[in-house]
Amino acid sequence: MIRKLSNNISSYLCNELSYDNEKREILSYGLQIFLGTSFKIITILILSYFLKTFASTLVVCISFVFFRRIIGGSHYDTYNKCYTVSVSLTLLLGIIGEVVTVPYRVLYVLIIFTYLISVLITIVWVPMGTQKKTINNRKTRLKIKYKTIFFLTVWIVFLIGYERLFLSLISFSSLLGITLAFFLATPLGSKFIRIIVWN
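What the sequence shown shows, in our numbering, is residues 1184 to 1382, in sequence order.
One or more of the hints may lead you astray.
To be verified - Simulated restraints on C-beta separations:
id, residue 1, residue 2, range
1, R1321, L1275, 31 to 41 Å
2, S1351, N1204, 47 to 57 Å
3, I1318, R1377, 16 to 26 Å
4, T1226, F1334, 24 to 34 Å
5, I1209, Y1262, 12 to 22 Å
6, V1282, N1204, 24 to 34 Å
7, I1225, N1191, 26 to 36 Å
8, L1188, V1248, 15 to 25 Å
9, T1323, I1300, 18 to 28 Å
10, R1321, F1222, 29 to 39 Å
11, R1186, S1271, 16 to 26 Å
None of these hints come from the bench; they were simulated from the model. Even glycine gets a Cβ: it sits at the ideal position worked out from N, Cα and C.
Produce the entire structure from the sequences given, and follow the hints as far as they go.
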């Protein structure tokens, strides 16, 4: 559905603007990503509202998407698989973030541990390539690594340095979203998503 809609929109726009087939394919691909991501996020937010986990799920979603866009990670070969797993995992983490109460001392330890593990994953595997796209340029890879570590550092400074501004629910939910993003940027994460959905 997403692909068909994207192709129809891109064909219409290219006919109006007199673009060639190459530009049409690029436009169609971009629309597929935009529409697909938008549809997933809207679904997640609507379902989380009815599950009464909107706040925690929103924080999980923002944290996951922000770092996912930078570091890359494992992907499915079809949109339906991606949609099903993305929505399910995000809602599950949103529920966990809502119902699990973590004492601040324990939360601090978890945040520091997550930060250190995420930095290690960044050094070893980030950016995580796919079958369709792999970044091999050394300078580009280093730039992404530095950028990732910078934002991770900003994240931990805000959560620990300004803990009075954040509820435990927000901090823990953010931690869950980041954990998922970096887990899927590892070889183990790639194996995990292949296992949980059948071909």
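Per the hint of 31 to 41 Å, is the separation of the Cβ atoms of R1321 and L1275 within bounds?
holds, 37 Å
Does 16 to 26 Å hold as the CB distance between I1318 and R1377, or does it fail?
holds, 22 Å
The hint says 47 to 57 Å between S1351 and N1204; measuring C-beta to C-beta, is that right?
Between S1351 and N1204, where Cβ atoms are some 53 Å apart, the hint holds.
Taking 24 to 34 Å as the hint, is the beta-carbon distance of T1226 and F1334 inside that range?
holds, 26 Å
For the range 26 to 36 Å, tell me whether the beta carbons of I1225 and N1191 fit it or not.
The hint (26 to 36 Å, Cβ to Cβ) is violated, given that I1225 and N1191 are roughly 20 Å apart.
Regarding I1209 and Y1262, is the given constraint of 12 to 22 Å on their beta-carbon distance met?
holds, 18 Å
Using the Cβ atoms, figure out if R1321 sits within 29 to 39 Å of F1222.
holds, 36 Å
Regarding R1186 and S1271, is the given constraint of 16 to 26 Å on their beta-carbon distance met?
Since the Cβ atoms of R1186 and S1271 sit about 22 Å apart, the hinted range of 16 to 26 Å holds.
Taking the beta carbons of T1323 and I1300, is their distance inside 18 to 28 Å?
holds, 24 Å
Take the C-beta atom of L1188 and the C-beta atom of V1248, compute their distance, and say whether it sits inside 15 to 25 Å.
For L1188 and V1248 the Cβ distance comes to about 22 Å; the hint holds.
Using the C-beta atoms of V1282 and N1204, is the stated range 24 to 34 Å upheld?
violated, 51 Å
Consistency note: the structure conflicts with the earlier hints numbered 6, 7.
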